[in-house]
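Novice: As a plain string of letters, each chain reads:
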Amino acid sequence: MKIWSTDIGNAYLETHTKEKVYIIAGPEFGYREGHVLIVSKALCGLHSSGLRWSERLADVLREMGYFTSKCEKYIWMRDKGDHCEHIAVHVDDLMIASKDPEAIVKILVEKYQFKLKGTGPTEFHLGCDFFSDEEGVLCYAPKKYIEKILENYRRIYGTWPKPATSPLTTGDHPELDTSELLNEDDQKIYQSLIGALQWVIQIGCFDIQTAVTTLSRFRAMPRQGHLDRVKRIHGYLSKMCHATIKIRTDAPDYSNIPVKMYDW
Amino acid sequence: MDAPKPKGKSVTMTSFFDANHYHDLISGKSVTGILHQLNKTPIDWYSKLQSTVETATFGSEHIAARTCTEQVIDLRLTLRYLGSPINGPTMVLGDNELVINSAAIPHSKMYKRWVALSYHRVGYAVAAGIINIHHIAGKKNLADILSKHWDLPSVWNMMKPLLFWNWKLMVPHAEGAEEGSTIEQKDVAELVSKLDAKYDVKVTAQGKGQKSNHSLIEGSDKDTISSVIQSTNQSRVPSSRPGTTVHPKGKDTRLDPEHKMGTK
Chain X
1 MKIWSTDIGN AYLETHTKEK VYIIAGPEFG YREGHVLIVS KALCGLHSSG LRWSERLADV
61 LREMGYFTSK CEKYIWMRDK GDHCEHIAVH VDDLMIASKD PEAIVKILVE KYQFKLKGTG
121 PTEFHLGCDF FSDEEGVLCY APKKYIEKIL ENYRRIYGTW PKPATSPLTT GDHPELDTSE
181 LLNEDDQKIY QSLIGALQWV IQIGCFDIQT AVTTLSRFRA MPRQGHLDRV KRIHGYLSKM
241 CHATIKIRTD APDYSNIPVK MYDW
Chain W
1 MDAPKPKGKS VTMTSFFDAN HYHDLISGKS VTGILHQLNK TPIDWYSKLQ STVETATFGS
61 EHIAARTCTE QVIDLRLTLR YLGSPINGPT MVLGDNELVI NSAAIPHSKM YKRWVALSYH
121 RVGYAVAAGI INIHHIAGKK NLADILSKHW DLPSVWNMMK PLLFWNWKLM VPHAEGAEEG
181 STIEQKDVAE LVSKLDAKYD VKVTAQGKGQ KSNHSLIEGS DKDTISSVIQ STNQSRVPSS
241 RPGTTVHPKG KDTRLDPEHK MGTK
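Chains as they are written, first to last, in the working numbering: chain X, 1 to 264; chain W, 1 to 264.
Since the hints were made in silico from the structure, they are not lab data.
Treat the hints with caution; some may be incorrect.
Partial selection, computed: residues in chain X whose CB lies under 10 Å from chain W [as the list claims (entries may be wrong)]:
#1 S5
#2 G9
#3 N10
#4 Y31
#5 H35
#6 G65
#7 K80
#8 E110
#9 Y112
#10 Q113
#11 D207
#12 T249
#13 D253
#14 I257
For every residue, glycine included, the Cβ atom is placed at its ideal position computed from N, Cα and C.
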């Protein structure tokens, strides 16, 4: 089984609009200035662009013999006899799990004329780095994303966060904080920092989840003390930036656990 | 059933749950922490303030057990529709013996209706063969990471095999360590080696030797799951009750000043 990723270039230009959209040409159109132009391809910026694109991709995948999973409509599956192929779709990012991803990619490029970018074994997908360790076991780590948010932190505050060994101190109670309320600008910073941290949790760093969810509650009315705590979490991430999840497919052994039968 | 035919290697599911009672001092609510594993890979995590106030740890743990059960049912359905075969019932592990004991057997007496309903939800899943519920020592419960504000020494044994199995990256000049990293890594290395020294002391004290890095993961894995699961009717060890963490003699790391290093 191989795991491949690919990105469909100019995704939104692959499909046509359903609505009539027109523009009045500006000076950049040269001699056509002032003409009324009708837009035929679903450009970015329309409310329906995303929908049109997903419909188009769905048609293509359906034609190739895929069907969406009943539990997760953005996961497409195809029965290949001895195994099942999966394609996970995130707007224009595809992740393909198959024994022969080359064939799928070939059809997408040759038959459907998609301009694919970054095709190959998954290395980076949705903010996560994918790699194999020395034993060839697939691992993923949000390292690049952590570096990005630390860089962002430095842009805002001018310094790196102070390293910490835990997201929050034990027995901390941010709800009891009585420091002054943040001004509007700091509130926005607080909200965007929390937003970035929530994505880090999604892609692997569950060690900070309790701290972040606890602090998320104050997004609407954060205080200085809460912002300081968010800074501390960044400090923790800077210190423990190597968090990596290893896809370990060996099953745990529960054979020594006694099975109790009860008459329910 | 319209689910696809399961194909390929089957997975063993394990879920850990924990609750931190009275997490929020203002509302009095508790926090639920849940970690789901497929084989030995963590795949989903959850940490959230409970929506109701519980007056006893027992109640909040029951609610965590119920939330966990519901997520397990959902996850099993998802896997089914993705065409992945599952090995038997999901192993659900919690560290509150009272909850485990009452949930695993019929005719437990509940005095509060809402707790009783949580009990029935879990009990139903046990009776239906969806889950197997077992007790695990508090310090081996991985969901601990997701339910409270911890300090590194108290969760390091659990986190290391999960997220920081590549901890060698944190040691400067070690194989694979990155040169010129933007983040100060030296004190991480110090901390890690200190924790590791402590860990080894602990392990020797318990008479379990662990050698190379790889077998350390293997060994600690057994340690975290299989060998610590006790049958539900085993004599109650007072030290493994929630709230009291067991440390080897004179090794209460919480009181150890050096773990504070870098936290200020």
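Novice: Could you tell me which of the hints above the structure violates, numbers in ascending order?
Specialist: Of the numbered hints given earlier, those the structure breaks are 1, 2, 3, 4, 5, 6, 8, 9, 10, listed in rising order.
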